[in-house]
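Spelled out, the chains give:
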Amino acid sequence: MSAPAVFFYAFGAAAVLSALSMVLHLRNTVAAAMSLVVTMISLAVVYVVLDAHLVAALQIMVYAGAIVVVFLFVVMLLNLRHDVFAQRRERLVKLAGVVLALGAAFAFLQLVPNSLPTVQEIPADFGSYAAVGRALYRDFVLPFEISSLLLLAAIVGAVVLAKRRLS
Amino acid sequence: MEIPLEHVIGLSALLFAIGTVGALTRRNLIVILMSIELMLNAANLAFVGFARAWNSVDGHIFVLMVIVVAAAEVAVGLGIVIALFRNRESVNVEDVSLLRW
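Protein chains in written order, with our numbering: chain A, 1 to 167; chain B, 1 to 101.
Just so you know, the hints here were simulated from the structure itself, not pulled from any lab data. Hints may be right or wrong, so weigh each one.
[Stated by the list, open to error] Keeping only pairs whose Cα atoms sit at most 20 Å apart, straight-line, the calculated DMTMM-like set for lysine to aspartate or glutamate is:
| no. | chain 1 | residue 1 | chain 2 | residue 2 |
| --- | --- | --- | --- | --- |
| 1 | A | Lys163 | B | Glu89 |
| 2 | A | Lys94 | B | Glu94 |
| 3 | A | Lys163 | B | Glu94 |
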């Protein structure tokens, strides 16, 4: 097995394990956020293996750097300690969930491998900053500009929602 | 390249399923938002995998857009969480089930 494949499977497993511990195991919200950071960084490594260099850098900067820090800010601002899991667990609902999950997994294994495209030979600069930047500023200028409007609206909305009412 | 697309999509599906379980079973609003982030990341991974398979960077552009939307969603969602905590002293979704049937 070559080095990229080793990195892919090792960090893919790390992402899955830390995601599992975030969702199923950790009751402390700060620990869950830290587990989310591990998932994000592992996924960034997976992106590098998949030739998505710009996306990997943005994954670290925006997700691991900014979004999780915002989560931690809010957790510490609200001084939350421990989380509780759902108390009521109807047996029928649980059974239906297991059946649905198995059915979905079966459908995935049946359908997906036969309908996927074969991986083509890709150019050397695929996913580089230059290649993605060219696509972003030539073919996708309008979505790019609209996303700035979305971010502005989100900032204003977040400030209005979170600020204390002045009576 | 040596990593088959099936494995990338499988990893993505696995992460998405874990995120779904978190969003459905946890009762802490902040952890639910984290689980939604996990699901968005799984979708990003699928985009990156398919972008490489089709030899097209359009998938990477989609990932950038998803990251922008995720950042906006977190900002507004956590704003709502703070406003909620100010009113109810709780971030447990069981305490804000007034609209549930």
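Now the hints, each set against the structure:
no.	hint	result
1	Lys163(A) x Glu89(B)	holds, 16 Å
2	Lys94(A) x Glu94(B)	holds, 19 Å
3	Lys163(A) x Glu94(B)	violated, 24 Å
Hint violations for this structure: number 3 only, all remaining hints satisfied.
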